[in-house]
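Engineer: Make a model of the complete structure from these sequences and hints.
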Amino acid sequence: MAVAHGVAAGIGGMRAAGDLVARMQVSKGMRLKPAKEYVANKLGISVQDIADPVVMSEVREDLDLGRVNAVPGAAKGIDAKFRIAEVLDIEINSVNLFKKRTGIKS
Amino acid sequence: MAKYATRMGDGFRVEMTEDDMRRDIEQGTQDAARRGKINALSDDHLKYLLEIFKSPDRSVGVERGKEVVLSYDSGTTKFNRCNVSVSKIQSLQIYERLMGSDMLELAHIDYSFKPVKPIVVFEQPILEQALLMTIPPLFYGAMPNLGLYSQPDGPCVNPGDLLPKGKIAEARASYEEQIEHAVKDMVYVAGRMYEAGADGINFDTTGAAGDAEFYATLKAIETLKKKYPAMCVQMGMASEFVLGMHGELYYDGVRLAGLYPHKQLELAQKVGVSIYGPAINIVTNKSLPWNLARSVTFVKACTDTAQIPIHGCVGMGVCGVPLTLSVPIDALTRASKALVDITQLDGL
Numbered sequence: 001m002a003v004a005h006g007v008a009a010g011i012g013g014m015r016a017a018g019d020l021v022a023r024m025q026v027s028k029g030m031r032l033k034p035a036k037e038y039v040a041n042k043l044g045i046s047v048q049d050i051a052d053p054v055v056m057s058e059v060r061e062d063l064d065l066g067r068v069n070a071v072p073g074a075a076k077g078i079d080a081k082f083r084i085a086e087v088l089d090i091e092i093n094s095v096n097l098f099k100k101r102t103g104i105k106s
Numbered sequence: 001m002a003k004y005a006t007r008m009g010d011g012f013r014v015e016m017t018e019d020d021m022r023r024d025i026e027q028g029t030q031d032a033a034r035r036g037k038i039n040a041l042s043d044d045h046l047k048y049l050l051e052i053f054k055s056p057d058r059s060v061g062v063e064r065g066k067e068v069v070l071s072y073d074s075g076t077t078k079f080n081r082c083n084v085s086v087s088k089i090q091s092l093q094i095y096e097r098l099m100g101s102d103m104l105e106l107a108h109i110d111y112s113f114k115p116v117k118p119i120v121v122f123e124q125p126i127l128e129q130a131l132l133m134t135i136p137p138l139f140y141g142a143m144p145n146l147g148l149y150s151q152p153d154g155p156c157v158n159p160g161d162l163l164p165k166g167k168i169a170e171a172r173a174s175y176e177e178q179i180e181h182a183v184k185d186m187v188y189v190a191g192r193m194y195e196a197g198a199d200g201i202n203f204d205t206t207g208a209a210g211d212a213e214f215y216a217t218l219k220a221i222e223t224l225k226k227k228y229p230a231m232c233v234q235m236g237m238a239s240e241f242v243l244g245m246h247g248e249l250y251y252d253g254v255r256l257a258g259l260y261p262h263k264q265l266e267l268a269q270k271v272g273v274s275i276y277g278p279a280i281n282i283v284t285n286k287s288l289p290w291n292l293a294r295s296v297t298f299v300k301a302c303t304d305t306a307q308i309p310i311h312g313c314v315g316m317g318v319c320g321v322p323l324t325l326s327v328p329i330d331a332l333t334r335a336s337k338a339l340v341d342i343t344q345l346d347g348l
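Chains as they are written, first to last, in this note's numbering: chain V, 1 to 106; chain F, 1 to 348.
In case anyone wonders, no lab produced these hints; they're calculated from the structure. Take these hints with a grain of salt, some might be off.
On the chain V side, residues computed to face chain F include the following (Cβ under 7 Å) [to be verified]:
| id | residue |
| --- | --- |
| 1 | Met-1 |
| 2 | Ala-22 |
| 3 | Arg-23 |
| 4 | Gly-77 |
Cβ atoms here follow ideal geometry from the backbone N, Cα and C, with glycine treated the same way.
Structural biologist: Take a look at the structure:
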């Protein structure tokens, strides 16, 4: 079911900017259209590029927001979320917790 | 006359003429409009639905540019239920990297808040480790599942035993006692998982046990949002209609029994729910055109007025998807497309 939904209607998660649009719904309660516009604006792309894996692959590489393929040295987990919080200018619970636990100052 | 392949609500294939499908679509939307006292779909939307069902393609999809966010209830239990031996964290990585999920959800295999309470200390480190390794928003999810609080599974007298004896007052008292237990458990588990770093908490199948469960969930969310104002709360419903098992429960002056999705949404927004998921039940002896038209009508009444994102519960037996364990791709993708294109859903 998950795969069928993904093919039929999904933005594509980390293949594109789906997780980033989701972040705007989660952290700011944005509905879909403003969430896509916000992310597109922050990334310097068009709204049409949001679901485009070719464009987003390069954007995610340039901004180090995490990619599907295992690339040495690229952000992969909490480090990618640090980058996402900074680029999208949002608070991420696990990022703030990590900072608190490691003594990193905001 | 040409016939088109479609299915019934139970998933079995059937062939229908264009006139039959058109009639079912019109009747489906009228059924929803009458029950919910909402607008039926416009002629344009009805024609659009008909064209989706006339398409000979196995799989259909939304137009480019209209893609939505996909969230997954009970994510980590799905692989185990199919006998695939992966850990919870491996499940999350599969969703994240191989299935294009926009949001992730960690869950206990016994997917209710009550059984998580004694093992929450074991769930927290899994979540903490998963948060270090994954990138999309990661929620913790469970069901309120009020039924677990009555005997033999819980401490309260079972209202199912009291009601047939005409002991209505006693049954209501039992529901009220169950609510207290359920609220405590939900607040405790959700709070601990949020403090462990979860991006949000999902209350899945809310209202499955009726108005008492819906009330308990609203009270739990109200409490949680006061303590954690930044917590993202996702509330997915169990059905289109809140059953009046208690019958006399009110929240903020609104009686809960009998509420349809657009009214459920109003209360959800009041208590601070961040993402709301309507669930419209399949009628198994009606066709998918009838069921989907009905679902789209109810969901559109939500998306037209919502101030928060709406993620339709488009799964087995809800929102136009047949009630079957193995969901046919032709049915599922038609439900996805119709709901997104017509209602402008924010997610599925």
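Engineer: Would you pick out the hints that fail for this structure and give their numbers low to high?
Structural biologist: none
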